[in-house]
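Novice: One letter stands for each residue in the lines below.
There are 2 protein chains.
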Amino acid sequence: MFSDEHYMREALKQARYALQEEEIPIGAVVVMDKQIIARAYNQTEKLRDVTAHAEMLALTAAANYVGNKYLAECTLYVTVEPCVMCAGASFWAQVKRVVYGAPEEKRGFRRHGNLLHPRTELVAGVLGEEAAGLMREFFAQRRK
Amino acid sequence: MFSDEHYMREALKQARYALQEEEIPIGAVVVMDKQIIARAYNQTEKLRDVTAHAEMLALTAAANYVGNKYLAECTLYVTVEPCVMCAGASFWAQVKRVVYGAPEEKRGFRRHGNLLHPRTELVAGVLGEEAAGLMREFFAQRRK
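Protein chains in written order, with the UniProt record's numbering: chain H, 1 to 144; chain G, 1 to 144.
Please note that the accuracy of each hint is not assured.
Any copy, or any two copies together, can satisfy a pair, since identical chains are not distinguished.
What the hints assert, rightly or not - Restricting the straight-line Cα-Cα distance to at most 27 Å, the calculated cross-link-like pairs of lysine-lysine (DSSO-like) are:
1. K106 <-> K13
2. K96 <-> K106
3. K96 <-> K13
4. K106 <-> K46
5. K46 <-> K96
6. K13 <-> K46
What the hints contain is simulated information worked out from the structure, not anything from laboratory work. Computed from a prediction, not measured in an experiment: that's the story for all the values here.
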């Protein structure tokens, strides 16, 4: 029930909402004390704002919920490896864990070294194939 | 009139607003066709949101103004070297130029390599002493 897979399935639901709205299908949830306190999906097209990544929206919503900009007891689940911007945001929020699904070789933060907070635990590859499948579906549709 | 120093003075004004509100005093403006289209200062405390850096707020406001998430004709002026998150945001927005004042050895993006977009020109050290002075003033006040 309270497994990483469980919460990642919720993040994947968010990613599917993004796909329906013709956004790059990436979803995120933030979990504290086993409870989902924020859900978001990428809205860069709708909001015409490069900062509207799923992770950014989820971290902002989570901070609003807990009334604290630090999220040291929270886990960020995101379907695809975060970019440099989102890794930087998770650094400032000092999130406890970052769990992602599919790797993002080109735009993921990992090729720039470890940009996360020293206290942040990183878990990769949770339901990564599902997340990668949504991304492939999006780009296949767009090529048509 | 249309020099980098001119626009940086406007960013420094923003930084002083932050100082007045007991925020870390960093300000930013975005300029397109010699015109300032967005102004912002750090509001992480007020908004309780780590993503509310001056640069992020300014890039979002600029994108709203031009109705386009890409800011390829824009210059981002910021009083202090951007962090990883803000460098990442400027990457996605593909800004033409990033001009900053004071270096930020510890939290600046530069020690992680060049995280900016390949098309982005970087200019450092414009009115850096003024920007650094505001930062020193803030931290001296806070130690009291």
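Novice: For K96 and K106, with the copy left unspecified, which applies at a CA distance of at most 27 Å: within, between, both, or neither?
Specialist: both (25 Å within a copy, 21 Å between copies)
Novice: Between K96 and K13, at a C-alpha cutoff of 27 Å, which is it: within one copy, between copies, both, or neither?
Specialist: Answer is within: at 23 Å inside a copy they meet the 27 Å cutoff, but 36 Å across does not.
Novice: Given a CA cutoff of 27 Å, do K106 and K13 count as a within-copy pair, a between-copy pair, both, or neither?
Specialist: Result: close within a single copy only, 24 Å intra versus 38 Å inter.
Novice: Please sort K46 with K96 into within, between, both or neither, judging by C-alpha distance up to 27 Å.
Specialist: Answer is between: at 23 Å across copies they meet the 27 Å cutoff, but 30 Å inside does not.
Novice: State whether the alpha carbon distance between K13 and K46 is at most 27 Å within one copy, between copies, both, or neither.
Specialist: Within one copy only: 18 Å inside a chain, 32 Å across chains, cut-off 27 Å.
Novice: For K106 vs K46, is the C-alpha pair at or below 27 Å within one copy, between two copies, both, or neither?
Specialist: within (24 Å within a copy, 35 Å between copies)
Of the hints listed earlier, there is not a single one the structure fails to meet.
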